[in-house]
Amino acid sequence: GAVVSQHPSRVICKSGTSVKIECRSLDFQATTMFWYRQFPKQSLMLMATSNEGSKATYEQGVEKDKFLINHASLTLSTLTVTSAHPEDSSFYICSARDLATPENIQYFGAGTRLSVL
Amino acid sequence: AQKVTQAQTEISVVEKEDVTLDCVYETRDTTYYLFWYKQPPSGELVFLIRRNSFDEQNEISGRYSWNFQKSTSSFNFTITASQVVDSAVYFCALSEGPYGNNRLAFGKGNQVVVIP
Chain A
1 GAVVSQHPSR VICKSGTSVK IECRSLDFQA TTMFWYRQFP KQSLMLMATS
51 NEGSKATYEQ GVEKDKFLIN HASLTLSTLT VTSAHPEDSS FYICSARDLA
101 TPENIQYFGA GTRLSVL
Chain B
1001 AQKVTQAQTE ISVVEKEDVT LDCVYETRDT TYYLFWYKQP PSGELVFLIR
1051 RNSFDEQNEI SGRYSWNFQK STSSFNFTIT ASQVVDSAVY FCALSEGPYG
1101 NNRLAFGKGN QVVVIP
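Order-wise, the sequence lines are chains A and B.
All residue numbers for the first sequence refer to my numbering, where the first residue is 1 and numbers rise by one.
All residue numbers for the second sequence refer to my numbering, where the first residue is 1001 and numbers rise by one.
Since the hints were derived computationally from the structure, they do not count as laboratory data.
Given the structure is predicted, the values throughout are model-derived calculations rather than measurements.
Even glycine gets a Cβ: it sits at the ideal position worked out from N, Cα and C.
Heads up, some of the hints might be wrong.
Estimated spans, in silico, between C-beta atoms of each pair [as the list claims (entries may be wrong)]:
(1) B/T1030 <-> A/T57: 32 to 38 angstroms
(2) B/D1055 <-> A/E63: 26 to 32 angstroms
(3) B/G1097 <-> A/N70: 22 to 28 angstroms
(4) A/G61 <-> B/V1046: 27 to 33 angstroms
(5) B/V1113 <-> A/C13: 42 to 48 angstroms
(6) B/A1081 <-> A/H85: 30 to 36 angstroms
(7) B/P1040 <-> A/F39: 29 to 35 angstroms
(8) B/S1073 <-> A/P40: 47 to 53 angstroms
(9) B/A1081 <-> A/R10: 33 to 39 angstroms
(10) B/V1046 <-> A/A72: 44 to 50 angstroms
(11) A/R10 <-> B/Q1008: 25 to 31 angstroms
Below, in silico cross-link-like pairs of lysine-lysine (DSBU-like), each with a Cα-Cα straight-line distance of 35 angstroms or less [unchecked claim]:
(12) A/K41 <-> A/K66
(13) A/K41 <-> B/K1038
(14) A/K66 <-> A/K14
(15) A/K64 <-> A/K41
(16) A/K41 <-> A/K20
(17) B/K1038 <-> A/K20
(18) B/K1016 <-> A/K64
(19) B/K1003 <-> A/K41
(20) B/K1070 <-> B/K1016
(21) B/K1038 <-> A/K64
(22) B/K1038 <-> A/K66
(23) A/K64 <-> B/K1003
(24) A/K14 <-> A/K41
(25) B/K1108 <-> B/K1038
(26) A/K20 <-> A/K55
(27) B/K1016 <-> A/K41
(28) A/K66 <-> B/K1003
(29) B/K1108 <-> A/K66
(30) B/K1070 <-> A/K41
(31) A/K14 <-> B/K1070
(32) A/K55 <-> A/K66
(33) B/K1038 <-> A/K55
(34) A/K41 <-> B/K1108
(35) A/K55 <-> B/K1003
(36) A/K20 <-> B/K1070
(37) B/K1016 <-> B/K1038
The following block holds chain A by itself, in its conformation from the complex (with noise of 0.2 angstroms):
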């Protein structure tokens, strides 16, 4: 299947600080991208929709101020955690959809754990 590869796979920071987070396509397209969350023990939630030239749609209830997301390429899509709390602290977790395919699945990152001090 295709791959997703999601950088860095763990990072702790001090509050207050920014995180990068970045989601590539290696062996396909992808004009869709999507950003989830996912709290221990519990199921994935949906942050938002990242697309390739345009502005993501955000989940009601997530802030776009805080959580950054930028598509700028075919292959690569980056969530920015800015002034990042405590609460902030979870698994982060991308998808790319490839469109080549007739099954047009979403292939998942191997995710991202934020643990914010």
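With the hints as your guide, set chain B onto chain A.
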């Protein structure tokens, strides 16, 4: 609104036993897609299967099998002769729309623990 229910939170089985994970969904769309993903302890989500609403055929892939019952809005997943490597969280997900490429709504997941 779309909704996916996975009632069993944690299931423990002894190795070589079978385990069935239930998934019940709600949608008003006549065209939709159902998915199962596996999330091992490392965290990544591994795609297992995709099924569209017009295809009610059951599917078997190795030790995995899926039973899609549109009449009861269920898409259950069975692991036969479980192995320790099957220990993971399994998510059922629903995507509405004709191409299954829209946002995924996930269930809460089933934590499967296979005891050697």
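These are the hints, each one checked on the structure:
no. : hint                                  : in the structure
1   : B/T1030 <-> A/T57: 32 to 38 angstroms : violated, 24 angstroms
2   : B/D1055 <-> A/E63: 26 to 32 angstroms : violated, 40 angstroms
3   : B/G1097 <-> A/N70: 22 to 28 angstroms : holds, 26 angstroms
4   : A/G61 <-> B/V1046: 27 to 33 angstroms : holds, 28 angstroms
5   : B/V1113 <-> A/C13: 42 to 48 angstroms : violated, 33 angstroms
6   : B/A1081 <-> A/H85: 30 to 36 angstroms : violated, 47 angstroms
7   : B/P1040 <-> A/F39: 29 to 35 angstroms : violated, 18 angstroms
8   : B/S1073 <-> A/P40: 47 to 53 angstroms : violated, 29 angstroms
9   : B/A1081 <-> A/R10: 33 to 39 angstroms : holds, 34 angstroms
10  : B/V1046 <-> A/A72: 44 to 50 angstroms : violated, 28 angstroms
11  : A/R10 <-> B/Q1008: 25 to 31 angstroms : holds, 30 angstroms
12  : A/K41 <-> A/K66                       : holds, 24 angstroms
13  : A/K41 <-> B/K1038                     : holds, 14 angstroms
14  : A/K66 <-> A/K14                       : holds, 16 angstroms
15  : A/K64 <-> A/K41                       : holds, 25 angstroms
16  : A/K41 <-> A/K20                       : holds, 24 angstroms
17  : B/K1038 <-> A/K20                     : holds, 26 angstroms
18  : B/K1016 <-> A/K64                     : violated, 47 angstroms
19  : B/K1003 <-> A/K41                     : holds, 18 angstroms
20  : B/K1070 <-> B/K1016                   : holds, 29 angstroms
21  : B/K1038 <-> A/K64                     : holds, 29 angstroms
22  : B/K1038 <-> A/K66                     : holds, 30 angstroms
23  : A/K64 <-> B/K1003                     : holds, 25 angstroms
24  : A/K14 <-> A/K41                       : holds, 24 angstroms
25  : B/K1108 <-> B/K1038                   : holds, 12 angstroms
26  : A/K20 <-> A/K55                       : holds, 17 angstroms
27  : B/K1016 <-> A/K41                     : holds, 26 angstroms
28  : A/K66 <-> B/K1003                     : holds, 27 angstroms
29  : B/K1108 <-> A/K66                     : holds, 26 angstroms
30  : B/K1070 <-> A/K41                     : holds, 29 angstroms
31  : A/K14 <-> B/K1070                     : violated, 49 angstroms
32  : A/K55 <-> A/K66                       : holds, 15 angstroms
33  : B/K1038 <-> A/K55                     : holds, 30 angstroms
34  : A/K41 <-> B/K1108                     : holds, 8 angstroms
35  : A/K55 <-> B/K1003                     : holds, 27 angstroms
36  : A/K20 <-> B/K1070                     : violated, 42 angstroms
37  : B/K1016 <-> B/K1038                   : holds, 19 angstroms
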